[in-house]
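Visitor: Chains as they are written, first to last, in my numbering: chain A, 1 to 159; chain B, 160 to 318; chain C, 319 to 743; chain D, 744 to 1168.
Simulated from the structure, these hints should not be mistaken for lab results. Hints should not be assumed to be uniformly reliable.
To be verified - Below are the BS3-like pairs computed for lysine-lysine, each with C-alpha atoms no more than 30 Å apart in a straight line:
| hint | chain 1 | residue 1 | chain 2 | residue 2 |
| --- | --- | --- | --- | --- |
| 1 | B | 247 | D | 999 |
| 2 | B | 187 | C | 710 |
| 3 | D | 972 | B | 279 |
| 4 | C | 398 | D | 768 |
| 5 | A | 140 | A | 24 |
| 6 | D | 768 | A | 63 |
| 7 | C | 398 | A | 116 |
| 8 | D | 1160 | D | 1102 |
| 9 | D | 823 | B | 222 |
| 10 | B | 279 | C | 710 |
| 11 | D | 999 | A | 28 |
| 12 | B | 222 | C | 677 |
| 13 | B | 183 | C | 710 |
| 14 | D | 768 | C | 379 |
| 15 | B | 215 | B | 299 |
| 16 | A | 80 | A | 23 |
As the list claims (entries may be wrong) - Negatives, chain C to chain A, calculated, CB over 10 Å:
| hint | residue |
| --- | --- |
| 17 | 401 |
| 18 | 474 |
| 19 | 665 |
Where is the CB? At the ideal position from N, CA and C, for every residue including glycine.
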Amino acid sequence: MTNSLDELYREIILDHYRSPRGKKPVDKVDIASDGQNPSCGDEIAVQVTMDDGTVKDVHVDCKGCAISIASGSMLAEYTKGKSLGEVKQLADTVKKMLKGEGDEIPPELEDLDALKGVRKFPVRIKCALLAWMTLVEGLKNYENGKTGQTPLVSTEDES
Amino acid sequence: MTNSLDELYREIILDHYRSPRGKKPVDKVDIASDGQNPSCGDEIAVQVTMDDGTVKDVHVDCKGCAISIASGSMLAEYTKGKSLGEVKQLADTVKKMLKGEGDEIPPELEDLDALKGVRKFPVRIKCALLAWMTLVEGLKNYENGKTGQTPLVSTEDES
Amino acid sequence: MNPDIRNDATALKGRSGQMDIDRIKADFPILKQPVNGHRLVYLDNAATSQKPKQVIDAIVKYYNESNANIHRGLHTLAEKATSAYENVRVHAARFIGGVDNSEVIFTSGTTESINTIARTWGEKNIRSGDEIVITEMEHHANLVPWLVLSQNTGATLRRISLTPDGQLDLTNINDIITARTRLVAVAHMSNVLGTINPVADIAELAHRRGAIVLVDGAQAAPHMPVDIKQTGADFYAFSAHKMLGPTGVGVLWGRKTLLEDIPPFTTGGEMIREVRFDRVTWNDVPHKFEAGTPNIAGVIAFDRALSYLEELGMENIRSHEIELSGYAINRLLELDGIEIQGPLDPHLRGGAISFTDAKIHPHDISTFLDSRGIAIRAGHHCAQPLMRTMGKVATARASLYIYNDRMDIDALIDALKETRRYFGV
Amino acid sequence: MNPDIRNDATALKGRSGQMDIDRIKADFPILKQPVNGHRLVYLDNAATSQKPKQVIDAIVKYYNESNANIHRGLHTLAEKATSAYENVRVHAARFIGGVDNSEVIFTSGTTESINTIARTWGEKNIRSGDEIVITEMEHHANLVPWLVLSQNTGATLRRISLTPDGQLDLTNINDIITARTRLVAVAHMSNVLGTINPVADIAELAHRRGAIVLVDGAQAAPHMPVDIKQTGADFYAFSAHKMLGPTGVGVLWGRKTLLEDIPPFTTGGEMIREVRFDRVTWNDVPHKFEAGTPNIAGVIAFDRALSYLEELGMENIRSHEIELSGYAINRLLELDGIEIQGPLDPHLRGGAISFTDAKIHPHDISTFLDSRGIAIRAGHHCAQPLMRTMGKVATARASLYIYNDRMDIDALIDALKETRRYFGV
Ligand SMILES: Cc1ncc(COP(=O)(O)O)c(C=O)c1O
Ligand SMILES: Cc1ncc(COP(=O)(O)O)c(C=O)c1O
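Go ahead and model the full structure; you've got the sequences and the hints to work with.
Guide: In structure tokens form, the structure reads like this:
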């Protein structure tokens, strides 16, 4: 079964894991959302600078496994420059893909496609989802005009 | 296994069951003790008239099975005329016999010996014990100078 | 593994939707064992049911192939165990009418299910002056928790009384379920009288009065189709062991909004989201209510019990029991001095048939029947107040299930006749 | 039945009191199953143990031969089941040092055992201003119930902190356990650090201060001889599933005088003496604490687990684990970047060995090891506050039991080396 192991830890994932994007703190925190995966202990903090309805900068700080770090790194990479709506759509696509409910990852986001291997490891789906669910919660708060920290997001319900 | 059934319901027992002794209420209630066998629903009321440290009259009212009725009937028959000490000793003998910890039933009390068959029916030991435990509780109360009803006696701990 | 073990019961449905009892009997190893030299006639199903080999095999298979603690592990066994366990939740949700999976909580049994609500919803919502309504036919499990709660809070425990034939007397129900009522706790089917209660009507009234409704389904879930939404219940409780499943497993179903609103019952591992030394946040439902390592093997084997019942069809099981209860009641009534407690019309009741003999105590009946290989129950059936209401100290109770047939009832009747001869009354 | 099933383990003791691990392994069917193409190396015993075929057979035998509800029936099956169940109580009482049978309460597990005390003794005795003392290494099961109790009552939760090597720091114990202390709740052995705590010393001090002591024995009872009287505990809790027994069974031991003094936890059938609609009297201990139908099959099969452990000898099991933990710790320390949490001296600890890799997250370690057939646990091990204290989000944990040997440890070490290569760190 080394095969499915290699499918989980694809090279792209290991690359994001070894050198995660979004390490640099953002200058202005418009969205701040913390998440955790209670069954594993993963913890993540996502901070976003917004500019005219668009994600200008993202900082992801994840204490977690290769999957959650890689997923957070991809989030930092692929959400920058996107509108709120686009980001939510993307998060939804990732979520559906991870849950096997559709896997239409646009070709320009091929790194994300590498997360697919997680589907064979049900317990790890939560790790891959963590960053995305945490961000979405932050976005919701932002849209509702709330400032400050969102309530802690948990992946317990998922997968 | 009709054999062990016949050992449980020996003729003597069926005789006591069909015509229980001690049915007549006593004139003066010196000791009144109620007992029950919670797991079966058996209920018993024992009332005693004392006279100079001796059991003068006994009334047993038992809503129960053949075994509890027969055992109560034997109690009414064999405690009458005995001193407090003798009654307690007898109750102890019966208890030990039922629990298989000794079976020296004096020959003059041979009816009681018929209760032995109960030992092969562990759940019924409580039925056979009920009258005796209830009486003993009443005696204790009497010795301690308390009057009135004793707390409800339960056979739950036994057997 | 024994090659003759069939892994499905699909073939058990006879033509015309009836059940092939001989084939069912063959699935239950314990029924092949003689008791006191006689064929075992097991008529104590209201206490607990026997288990088909499919369920027993499921336990063995779990321990042999996927035993691990759930929800916490990243290794293969833990994943197998976790997904098997969670699949039973989905299955149970479907079995009771297709409710939301997250509304299904696994407990150790009906008793724990009901206590969970009494000590969470109850302690949170019941105040002095409030009223809790039960019925006179409740099992101690659906009576004592409410008695204790009312004693501790100063609430009043009120009760719906019974008609002479053991049905709920609803004539003055509007005086009992009132604006002061906060909770109505009622058995779906009585374990003593067999009575099936009109829970939907009661729930409708209770809801109009602003009360919530807990239904004790311990006897209903094993014996008839249960669609929880149709019962109108807000909470519903039942036990696996009475429906072919293992001991130590129960279900508590509750409306999600209610479950989310109340605190957990027991606390510990798995049911928290985050804990520090000075604060704690709870996990989501249903996990909030499942602290610690559950009865994993039991829950996983319960799945097979549900499948077995589904393969027979709950409608068919109900029909079978109507037919067989009717037969049993008629035959019992032929006997001199036998009195049946509860409704005589089998359409109004399940297969728990309590009876008394004017001359012989139920214990003696039971012991005698046992010597003939017939297992019935005698006693108060954990319903002491009902016994008192009926003026009995105990009853004998024969209770039916899927593997019982007319032969079993005939054996019962013959032995009852013999009982009278034996005791010479 | 499989003819090669041996029904006793008496032959399992090798010469010189050592255990014959190969013969033990042969008793565990699950260990014969390859996982991900590799031999299963099960090192997740602190989460739950595997079950020998003797225990699994006992479950099957119970369902095939004596399944019935207990304490209530007069028929043969009910008597068999009841006496088997009650005999396990006697056996368990003997296993923990020969306590009074009536002090042994069967629960669904350690978590329920501890909650029982928190919600009965605790709610009755803890008042605002009182103090409850726990330790920083407690499992959520022995932490959250006390946190909730202190929040609900206004009591203060205090804690004994840890030395850098994961032992209790008792230097300022006299400032922590004081005259205000009502209860000290402490693990006998930590499920994360492996540390064996000096519970007798703590109990001695607590008793001098007038406090009572609850010991969480979930990890101790399976792995070392436990004589409850010597621990000084007033309450002691453990789970069957971690000691070869079935899931859904636990033990709560308590001093009889205390048990008699406190109200029941859950209420319902079996635990009452008499109930009317307006009053209820409780049954005697232990029945007062066992409401409803218990996990009968589970308890009865637990008997066989206790016998299996006794036949090996708890002293021998402890020696085996000292030897094997020592070996495992030494081999882990050979590896670069591996840090072990908890004491390194195997005489101070059990076989639950937590470790972290400076570069690789425990989840990744666990997933990688699993691909090699090695089951360990990664996460917070239901001890989030301890993780925070240690500055970790998670650890990897290999935990040993009677069927593990040096080959298993070698497989672990080899795979850990491979893990580093695989992740390229
Ligand atoms: C109507 C009813 N309610 C509750 C119970 C209690 O169920 P359990 O003992 O499985 O908790 C029973 C069975 O004993 C029952 O028949
Ligand atoms: C130290 C300790 N306490 C309590 C528990 C809880 O045990 P259970 O989940 O069997 O209730 C565990 C195991 O998970 C444990 O290791």
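Visitor: Does each hint hold? Answer for all of them.
Guide: Here is what the structure says about each hint:
The hinted pair formed by residue 247 of chain B and residue 999 of chain D meets the criterion: a straight-line CA distance of about 27 Å does not exceed 30 Å. For a cut-off of 30 Å, the pair hint linking residue 187 of chain B to residue 710 of chain C stands: about 29 Å separates their Cα positions. Taking the CA atoms of residue 972 of chain D and residue 279 of chain B, the gap is near 35 Å; set against the 30 Å cutoff, the hint is violated. Distance hint between residue 398 of chain C and residue 768 of chain D is fulfilled; the C-alpha atoms sit about 22 Å from each other, no more than 30 Å.
Between residue 140 of chain A and residue 24 of chain A the CA atoms are separated by roughly 24 Å; this keeps the pair inside 30 Å, and the hint holds. Between residue 768 of chain D and residue 63 of chain A the alpha-carbon distance is near 38 Å, which puts this suggested pair outside the 30 Å criterion. Proposed proximity of residue 398 of chain C and residue 116 of chain A is supported: the alpha carbons are some 20 Å apart, at most 30 Å. Simply put, residue 1160 of chain D and residue 1102 of chain D have alpha-carbon atoms about 12 Å apart, close enough for the 30 Å limit, and the pair holds.
For the hint pairing residue 823 of chain D with residue 222 of chain B, the CA-to-CA distance comes to about 27 Å; that is within 30 Å, so the pair holds. For the given pair, residue 279 of chain B sits about 27 Å from residue 710 of chain C by alpha-carbon distance, which is consistent with the 30 Å threshold. Restraint check for residue 999 of chain D and residue 28 of chain A: the C-alpha separation of about 63 Å exceeds 30 Å, so the hint is violated. Restraint check: the Cα-Cα separation between residue 222 of chain B and residue 677 of chain C comes to about 12 Å, which is no more than 30 Å; the hinted pair holds.
Straight-line distance between C-alpha atoms of residue 183 of chain B and residue 710 of chain C comes to about 22 Å, which keeps the hinted pair within the 30 Å bound. A C-alpha spacing of about 18 Å is found between residue 768 of chain D and residue 379 of chain C, which places the hinted pair at or below 30 Å, so the restraint holds. Between residue 215 of chain B and residue 299 of chain B, the direct Cα distance comes to roughly 17 Å. Compliance with the 30 Å bound is thereby established for this hinted pair. At roughly 13 Å between alpha-carbon atoms, residue 80 of chain A and residue 23 of chain A fall within 30 Å of each other, so this suggested pair holds.
Not every beta carbon of chain A lies more than 10 Å from that of residue 401 of chain C, the smallest distance being close to 6 Å; the non-interface claim is violated. Every Cβ of chain A is farther than 10 Å from the Cβ of residue 474 of chain C; the closest lies at roughly 39 Å, confirming the non-interface assignment. Its beta-carbon lying about 43 Å from the closest one in chain A, residue 665 of chain C satisfies the requirement of being farther than 10 Å from that chain.
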